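Those protein sequences? They're chains A and B, same order as listed.
Using the working numbering, you'd call the opening residue of the first sequence number 229 and step up by one each time.
Using the working numbering, you'd call the opening residue of the second sequence number 3 and step up by one each time.
Warning: the hint list may mix true and false statements.
[Unchecked claim] Computed from the model, here is a short list of chain B residues facing chain A with C-beta under 7 Å: (1) Gly155; (2) Phe402; (3) Ile428; (4) Leu443; (5) Phe449; (6) Phe533; (7) Ile536; (8) Arg544; (9) Tyr572; (10) Phe577.
In short, the hints are calculated from the structure, not lab data.
These figures come from a predicted structure and were not determined experimentally.
Even glycine gets a Cβ: it sits at the ideal position worked out from N, Cα and C.
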Amino acid sequence: MLSLILILIAAAFFTGVIIRVKSMASGRKGPGILQPLFDVFRLFKKGVVYSETTSFVFQIAPTIYFASVVMAMLVVPFGQSKGILSFDGDFIFFAYILALGKFLSIISAMDTGSSFEGMGASREALYSMFAEPAFFILMGSLALLTGHTNFQEMFSALHIGSYISYALAILGTFVLMMIAMVENSRMPIDDPKTHLELTMVHEVMILDNSGFDLGLILTAGYLKFAIYGALVVNLFIGVFPLQYSIPMFFVIQFVLASGVGFIESFMARFRMSHNAQFIFVLTSVSLLIFFGALLILGKFV
Amino acid sequence: MSLISAFIAVPVLAILLIPFLNVKGKGIVLFAAIVVNAFLSGYLALQPLDGQFLEFSFPGSLVTGPVNLRIDALSGWFILIINFIFVTGSFYGLFYMQAYQKQTNNITLHSIVFVLLHTALISLCTVQNSLVFLVVWEIMALSAFIAVIFEHGKMATLRAGMNYLIHSHVSILFLMFGFIWVALKTGSYDFNSITTYTSQNSGATGLVLFLCFFIGFGIKAGFVPFHTWLPYAHPAAPAHVSGVMSGVMIKIGIFGIFRVITLIKADYYTIGLVIISFSVISGLYGVMLAIVQHNLKKLLAYHSIENIGIIGMGIGIGCIGLGTGNYLLASLGFAGGLLHTLNHSLFKSLLFFTAGNVYQATHTVHIDHLGGLIKRMPQTTILFLIAAIAISGIPPFNGFISEFIIYSGFYYWMQGSMIGPLMAIIFSVLALVLIGGLALLCFTKAFGIVFLGNPRQKLDHEVKEVPFLQLLPLYLIAFLIVFIGVFPQIFMHALSQPVSLLAGLPAISDMPFPEKTTELLQPVTWGIWMFILISLAVFGFRKLVTQNRKASVEPTWGCGYIAPTAKLQYTAGSFVRPYSKLFRPFLLSHKTQKDVEGIFPSGGSYETNSYDRIEKYLVDNPIAAYKSLLGRFLFLQNGKLQFYILYGIIFIVSVICIPLFYDQIVLFIDFIKQI
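Make the full structure from the sequences, and use the hints.
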């Protein structure tokens, strides 16, 4: 329950912070931190335009996409306190329920019959496929390290003891953050602000969405960022009591958000054709984590 | 006993009756025979699932020895799956075959072999005598062959049929080798002699014997590299036959592997590792090739290979659990494998049946020629979508449940393993995740291109939904798919008997299986229910908020381009292009390209076809080499009668003379040995 509230609060600010950091880095004042929320509320109030090619798939997809992200949010724990739902293997459920949202959003993009949206859909499917193994191996390593297969038990049993485990936590942060970038189609995988449909991934998939549906999709994106941020926080807070861990949560989320802002300000996007290889590198990084876990457990003889 | 006589009498009666009826009558008799037999065998199959063990003994003949029929929980589970798919499949087939009702003789034959196929498959699950088993196996293989070549006017169909026939016989060769080996050593054809023989001998014997059976059954099941018949036979057959073949006939291979595991006493740990390696390769290879297929049914056929891989992973984990004496691991693995067998038979047959609907309506299964069917065939579309989500292993449908159990098996195996198994686990998990992701890519492609967007080709006939009665069995399957996804515990309960049989658990009361899986699956079910509730809530909210809003309809945003045509849509080839560029080393694709030229260019074209690399190196190249070797002796076959008579004379003379020279030859060899 605690994690749910914290994630909701973090989600409200996360994208605002990114935008603010980006504006400041380019020498502008930038909009208020809550501007993305206002945008979403404005969208919720608007009417919609549907393409004449589309069918019911296009109309149900944003809802299911949003629901899948909300459902994924419910299994994320916060340190010692469980998520709303917590069970053995919940991270598998987490990844697969997000996949349902992805499935629906991909076919809804193809429902418009637009060549651009097909392009985005094709890229999204490929990239998310390559990002998933990294997540599963990361979670597998944590499961191996702690002997649990449950988000909450894994994270709360994660003791930062040796130097290797610090290295593991940092590598884990890297992997989770990069997965978050892939899932949200941000730099360096995708640049949501380029105004050329040929070079976009996620944004081009939702070209035809408008009104309430677009609002749902955007909200889901904000939530996703905060969810992955919460997972990163969980790597560190372990056994800290709440009076330390809650401030730590916000600090880490803030650092992540501004980090994303900085990356987007000072880095160019990768070449689209090399993205897939880059994403697959994450899997090797998580394999490193796996070997680190083996080292800690002394399984190398 | 009388039930079994009835079980044999029904198909015999039906087969005798079918030739004398008109087309409609044939269909009805076919369906009735299958339903009656399904009830008879289903009644017998339900009892072992409830804990009873049925055994019947027939005197048999002098050659076979006594023929035992045993229906244990494993047979029961498979019989029920076979029955369900056959009943739905034959009902669907009644309507699907209406387009061919002028070919009376052909339909007679088809109906007969369909009944035979059903009877043979069910008998295979019960017969415990290897000689009779092989005979029934052959009946199954031949009747499936005839069912596949229904449209034998087409050259491609005939070739696919021959391909299947040859593969089946390679499979039966391996099985025969294994059975004869055991029969030679023990003098009995009964399956139990496999157990006695292997438990008396060293581990290596059991392992080699297992490999023999594994290859034999693996060819039927479609494990890579024994899969090469599947992508030809499935697309060539009529939709209900491919649904039944992919749904249950290849599962008889899986059944065989399960059965052999219960019989052979060998080093299960090694067996488990062998099965897992084959399965990982099958899963990945199957889905990798599925993505680049442009023929919808061929794509589905490759997905069968992938799902066989997933089932195999479950079996492998189960064997490892047996090998290490970890009953919980064994239960998880076998439960995952058995449940995925059921799941795959459901969604794969549904996919083939819907593909059949598409073929009926549009007369093509080439993905790139289709599009926009969602508006003309909404019900088929929804059914296909359900199956597509289920086969990608995504909640809230059934594919997720079995994959979840298999994942749990892997992560459970991880605890306390050493470095070797850990590497196996991590790469299997990696493979399983990649399979899931690739399946998602594949089915978004298939669904998106076939059903969504605008039609890519103008068809000269009206495309319309098939009649409701034809859709009825499809709805039934879809209902089960959803039902397993939402209430998996019921099926886990039904699985407790087969799993405890496989895991070799001493008594039901000692079983960790039911409690552990309920513990394991109950929260997953809650998650699925919660997800459904959240979706409904968001839907409701959306409806409430937007009901008074204006919704206008405009053309798709074309980035300023105002004359879009259906040709501008993304095609299947372009959708998977980034993927096929990355995976080029594993794939073989041919491009045929015609460039546009001139000031007013026209008629440019681009087409890609993919081919199976393993098939090229394992089947095509050896055959080509063999052919070129035989080609050297082609001069013998010169078409002149005199020469053939000469060959005959030479043969007879040599047959007569060799015994005369035999002693001399022996002397000569002895002489050489002395030197």
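>> Flag every earlier hint the structure violates by its number, smallest first.
In response: 1
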